[in-house]
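Chains as they are written, first to last, in this note's numbering: chain A, 1 to 361; chain B, 1 to 361; chain C, 1 to 361; chain D, 1 to 361.
A portion of the hints provided could be inaccurate.
If chains are identical, the list can't say which one is meant, so a pair holds when it fits in one copy or spans any two.
[Stated by the list, open to error] With a cut-off of at most 20 Å between alpha-carbon atoms, the simulated EDC-like pairs for lysine to aspartate or glutamate come out as follows:
(1) Lys272 <-> Glu316
(2) Lys322 <-> Glu151
(3) Lys164 <-> Asp71
(4) Lys356 <-> Glu146
(5) Lys356 <-> Glu33
Source of the hints: derived by calculation from the structure; they are not laboratory data.
There are 4 protein chains.
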Amino acid sequence: MNTYGKLFRITTFGESHGAAIGVIIDGCPAGLEIDLMAIQAELARRKPGQSRITTQRQEADEVEILSGVFDGKTQGTPIMLLIRNEDQRSKDYSHLAQNFRPSHADYTYQAKYGHRDYRGGGRSSARETAARVAAGAIAKQLLTLEGITVEAYVSQVGNLRLSKSYQELDLSQTNYNIVRCPDSATAEQMITLIDQTRKNRDTIGGVISCVIKTVPVGLGEPVFDKLHAELGKAMLSINAAKGFEYGSGFAGVEMLGSEHNDIFYTENQQVKTKTNHSGGIQGGISNGEDIYFRVAFKPVATIMQDQPSIDTEGNEVQVTAKGRHDPCVVPRAVPIVEAMAALVLADFYLRNKLSKLTHNL
Amino acid sequence: MNTYGKLFRITTFGESHGAAIGVIIDGCPAGLEIDLMAIQAELARRKPGQSRITTQRQEADEVEILSGVFDGKTQGTPIMLLIRNEDQRSKDYSHLAQNFRPSHADYTYQAKYGHRDYRGGGRSSARETAARVAAGAIAKQLLTLEGITVEAYVSQVGNLRLSKSYQELDLSQTNYNIVRCPDSATAEQMITLIDQTRKNRDTIGGVISCVIKTVPVGLGEPVFDKLHAELGKAMLSINAAKGFEYGSGFAGVEMLGSEHNDIFYTENQQVKTKTNHSGGIQGGISNGEDIYFRVAFKPVATIMQDQPSIDTEGNEVQVTAKGRHDPCVVPRAVPIVEAMAALVLADFYLRNKLSKLTHNL
Amino acid sequence: MNTYGKLFRITTFGESHGAAIGVIIDGCPAGLEIDLMAIQAELARRKPGQSRITTQRQEADEVEILSGVFDGKTQGTPIMLLIRNEDQRSKDYSHLAQNFRPSHADYTYQAKYGHRDYRGGGRSSARETAARVAAGAIAKQLLTLEGITVEAYVSQVGNLRLSKSYQELDLSQTNYNIVRCPDSATAEQMITLIDQTRKNRDTIGGVISCVIKTVPVGLGEPVFDKLHAELGKAMLSINAAKGFEYGSGFAGVEMLGSEHNDIFYTENQQVKTKTNHSGGIQGGISNGEDIYFRVAFKPVATIMQDQPSIDTEGNEVQVTAKGRHDPCVVPRAVPIVEAMAALVLADFYLRNKLSKLTHNL
Amino acid sequence: MNTYGKLFRITTFGESHGAAIGVIIDGCPAGLEIDLMAIQAELARRKPGQSRITTQRQEADEVEILSGVFDGKTQGTPIMLLIRNEDQRSKDYSHLAQNFRPSHADYTYQAKYGHRDYRGGGRSSARETAARVAAGAIAKQLLTLEGITVEAYVSQVGNLRLSKSYQELDLSQTNYNIVRCPDSATAEQMITLIDQTRKNRDTIGGVISCVIKTVPVGLGEPVFDKLHAELGKAMLSINAAKGFEYGSGFAGVEMLGSEHNDIFYTENQQVKTKTNHSGGIQGGISNGEDIYFRVAFKPVATIMQDQPSIDTEGNEVQVTAKGRHDPCVVPRAVPIVEAMAALVLADFYLRNKLSKLTHNL
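Construct all of the structure, not just a fragment, from the sequences and the given hints.
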């Protein structure tokens with residue numbers, strides 16, 4: 001189905017080339033002041049055509065709030081956010097009606113459903129993520145009240161890997177360059193690499209890192225719905241994601257327990273850990289330290305090169321990419337990673353309130 | 001909550017030091033022949049005390065089927081599997097009632113719930129995974145009917161990394177050694193490393209790789225419930241998991257689109273891809289190629305060394321580990337990875353049947 | 001939450017005096033031809049201002065389909081139906097901001113949420129049911145493919161009770177009079193009674209009967225989600241509903257088992273029953289006979305008379321009803337009863353398909 | 001599926017003639033003291049063989065708590081309650097394997113699933129309700145902490161209808177007679193009627209009334225999950241239920257709004273209503289007045305008379321009832337009505353706590 005979350009729940013709708021896309025948020029607490037401009041600003045970070053290293057397709061992505069907000073405040077009722085589609089140029093895609101693009105969802109959709117919306121992918125299109133970003137912007141406004149911040153940035157493009165840890169970076173710099181890497185020197189190199197890749201009519205992968213700070217202790221459920229498990233699912237549900245790791249991640253495998261264990265101490269009556277290999281989550285539950293994780297994204301499947309493929313009849317064909325596409329997905333995926341993280345956190349924030357309530361008769 | 005899955009749903013119950021643990025499976029199709037010995041065999045692969053490189057704690061882990069199966073066949077009604085607990089030695093843990101073990105769930109539980117079951121972790125104990133393995137064994141029996149196989153193996157312990165890909169290995173060899181690595185030479189090295197680590201009263205991490213073969217095209221949902229997203233969540237919900245990647249994973253980031261794209265061709269009227277960087281999943285939906293993924297596990301937090309920590313009052317204490325624990329989690333986690341993968345596949349197998357049904361009026 | 005149904009799921013949104021109301025349908029099968037005019041026609045049967053025995057408030061209730069339908073056919077993706085609000089005259093309600101109207105949701109809302117949308121009731125307003133009617137119109141189009149018909153009619157107003165059973169009536173006559181009673185003589189009496197009640201500035205209750213024909217055998221689940229249990233919930237969720245009975249209902253209590261039992265026989269190889277006290281449902285599952293049930297509605301709480309009440313401070317006040325309201329709810333509730341019945345049937349139709357699938361490996 | 005409730009959730013399992021039945025409760029708050037004897041006492045009120053007017057089948061119905069309770073208190077983890085089956089005498093039913101009993105679930109099960117458990121009905125058997133009663137006993141213990149009481153009683157058998165309202169009765173007398181009617185004179189008549197019916201080898205229907213007192217204001221959700229809608233579903237999910245009405249119910253239809261409206265007033269700073277036609281629920285939400293409702297039960301379908309029917313091949317047969325059955329279902333259904341009401345109330349009690357939490361940032 002098209003619903004995500006348990007208590008802070010979103011249901012997205014809309015096809016990339018239909019009349020509109022949007023989202024209903026059900027479960028957002030009442031009394032939250034909604035900053036429409038902030039929602040619009042998040043959408044602007046995701047929207048196509050924002051810089052020379054993104055697709056040149058243009059979408060205004062203007063959001064309307066049609067329910068759930070009165071006098072600027074949430075009412076506790078479902079919030080409906082609508083974004084009309086524009087500039088769809090379905091004709092750009094018509095040549096794809098019969099062909100399966102390599103490493104796209106074309107074939108699996110066709111095989112699964114017996115039909116597909118070839119106009120840009122229908123629901124499988126990354127356009128659906130605009131609805132997530134809009135909903136995530138509201139989740140962020142809820143988290144802000146609790147002082148929780150969610151900050152993502154590009155930490156790798158191709159083999160250009162940012163060597164600094166997030167503590168060594170000034171994350172406020174992330175949005176000052178078009179690749180969204182907070183280290184300006186590395187950002188320059190990344191932009192050059194993406195530019196070069198685009199000129200080669202090719203695409204390249206990347207990694208987005210995300211840090212969540214000032215998280216209350218207790219978010220996450222102990223068995224199946226561990227906080228990092230849900231964050232992992234949320235990230236892996238973003239188009240082109242290939243991997244997720246949190247805290248020490250894959251590198252932690254090579255450590256000994258005596259190195260990896262985060263030793264507790266107390267500072268100003270607050271429980272802290274001396275290291276944070278746990279990535280802020282122990283036993284699936286936040287421990288108050290920073291949560292940090294990394295998400296791997298593959299190179300965009302649509303390349304500006306002819307590629308051999310097959311059509312729906314199994315015949316060999318050449319697929320000629322003609323649309324307008326991103327040479328690298330990560331600059332535009334930064335707000336999507338933040339939105340999905342914010343949605344997970346908002347949901348677990350409410351679930352933890354519920355937990356407390358049911359654990360203290 | 002304690003439920004996992006949408007159509008093939010499990011609900012686990014039981015504390016590690018209570019009377020019993022177990023699971024209800026709701027949604028398992030009727031008419032499936034149940035092989036009780038096969039369930040027991042999976043539990044034997046997970047159970048403690050099975051070799052010198054696992055904890056020496058002993059549990060018989062005998063499973064009883066109390067409902068849902070009649071004359072050896074499932075009835076379409078809830079299947080209840082019960083495993084009585086034995087050898088609990090709660091006294092081993094009594095010294096931990098007031099102390100927080102480093103990198104365990106002790107502190108987060110206490111902070112979240114205001115109380116905790118110090119007798120071995122309660123629901124946060126890895127003992128809960130025995131219920132998953134029992135349910136997963138039934139899921140496997142369902143998948144076997146469709147010819148789907150799920151095979152996991154240890155591919156890394158500490159910095160000892162199996163260099164061969166799964167295609168170069170004979171996975172039937174996995175269970176012939178106690179570390180569950182199908183390459184006997186590497187297995188020997190791994191066992192030596194774990195043995196050495198244990199003698200040093202330390203622990204070490206590892207990676208489990210998993211391959212799912214003969215998967216029908218069409219498993220997975222396009223938006224939030226992408227197949228790899230749910231596999232990721234399932235794996236990350238296993239105790240000590242720190243990361244998940246599928247197909248090209250984190251390494252795919254460094255590739256160009258023109259290298260990474262899997263070119264379609266037809267063989268015997270079947271659609272195939274020449275490479276499989278997609279890991280058998282495109283747009284969140286299986287494409288019929290092998291699904292493969294890797295799961296990172298941290299070093300076990302309980303080490304046989306004194307560690308500084310704090311108690312529930314925030315006082316500095318020494319934590320002395322006295323119980324019987326695993327020096328490395330991966331040998332016993334292999335059947336858990338397989339069980340969770342089988343549960344996800346069984347669920348999506350049914351969900352895909354439903355999809356087909358609702359997409360063809 | 002604001003979601004109803006398991007496989008054919010609707011989520012409604014919108015306040016009576018906000019910008020719009022609407023509904024997302026998730027789970028509607030692909031390939032269904034959508035008749036927009038038929039949706040509009042159902043809304044016309046529910047809308048205010050349609051006759052002299054309904055409220056004189058005017059709403060155009062024009063519906064837009066913003067997603068999920070392409071070239072007139074459902075795509076299997078979420079269907080979003082939007083109805084903009086008009087003629088809201090919030091000022092009519094401003095005098096109610098501080099007062100609790102008797103037998104309305106004002107007090108319980110205020111007490112539950114600490115705030116309320118006094119502009120016509122917010123989400124508690126019967127305006128929300130327009131979204132249900134729109135969604136129900138699509139459910140009906142799905143049921144029509146299977147030959148299933150859903151027909152409701154007014155069978156009682158005050159103490160004027162239609163003495164004929166549904167078999168003795170020509171249900172095609174239901175919409176030829178403004179009270180929606182298929183027996184024209186009784187309809188005349190009912191209209192006179194409602195007219196008289198309205199002139200007395202009072203309101204009166206009624207009963208709606210509903211018949212569902214050509215139902216396949218097998219709809220309904222055996223334990224909690226019995227078909228009649230879900231129909232009951234659906235009907236009781238309609239504003240002003242006070243009771244539900246199906247088949248022999250409350251009258252069946254006085255019968256003996258030997259009278260009440262419906263004897264099976266076979267006709268043209270079809271299993272039939274000689275009587276139908278079961279109301280087409282046995283053990284919670286449809287048996288192929290007609291399903292019929294009755295829903296009791298109380299007199300509308302808003303009367304055109306001054307009534308004593310209290311305000312939010314507990315002070316005694318007079319409540320003067322000034323809005324435009326219905327003297328009797330049942331004529332406009334007929335399409336709502338049909339819509340909710342159609343939504344339940346569509347959901348169980350899909351659930352039964354799923355059942356079959358999971359019961360025949 | 002076999003799960004009921006949103007936050008206080010039960011999943012029942014077990015066939016009437018399998019090894020055991022039982023229930024998992026997920027979501028019960030931690031710290032609740034569990035009185036095992038009280039659970040056993042509720043089961044004793046439901047169990048067969050308790051008096052001459054119930055079936056003479058014997059079941060010990062001894063309940064074991066296998067998880068979720070430690071030192072007599074709930075842990076916030078899933079509570080597993082197991083009841084082993086005894087005295088199954090499956091042979092009593094073997095003659096029914098091929099025949100469809102009139103007005104039973106035999107035919108619909110067979111048609112829906114293609115197979116059925118003829119040994120007493122499998123999951124469709126009323127034996128499943130023992131699991132509900134056990135879970136309901138725990139829900140009652142939770143409600144008791146809040147001062148909420150749930151009391152059901154038999155108010156009608158056949159045409160013998162208790163004329164007194166619940167306010168005129170001493171409900172503490174309900175359990176002092178075998179028919180569970182609090183008015184001893186009427187009880188005697190009912191017992192005589194049931195006895196006579198049994199001697200005539202027939203069965204008869206009845207009505208159970210239920211009163212819930214000291215309910216906090218605010219239980220119930222405004223749109224689909226209105227409190228009375230969920231109570232209605234819960235009651236209609238009980239075997240043999242045919243109708244549900246609350247407050248003024250079907251009789252309220254004949255009233256005028258000016259008579260039916262419940263006028264608010266304040267007493268000791270508490271909001272009260274002068275009448276209670278609303279049955280304690282307004283707009284789907286409890287208003288603090290007593291909740292009361294009635295549930296209609298049909299005559300038991302199994303009668304001690306030969307009846308014509310058909311077999312699975314459609315041939316005409318005689319069905320000879322040989323088992324041991326109830327001449328009237330209502331005496332044993334009283335604790336089931338209470339259990340289902342308690343489960344609904346416990347769930348909404350938690351949901352309301354959640355509502356409050358999400359409506360007050």
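Tested hints:
1. Lys272 <-> Glu316: Close across copies (12 Å), not inside one copy (60 Å); limit 20 Å.
2. Lys322 <-> Glu151: neither (34 Å within a copy, 41 Å between copies)
3. Lys164 <-> Asp71: neither (45 Å within a copy, 51 Å between copies)
4. Lys356 <-> Glu146: Answer is both: 16 Å inside a copy and 18 Å across each meet the 20 Å cutoff.
5. Lys356 <-> Glu33: between (25 Å within a copy, 18 Å between copies)
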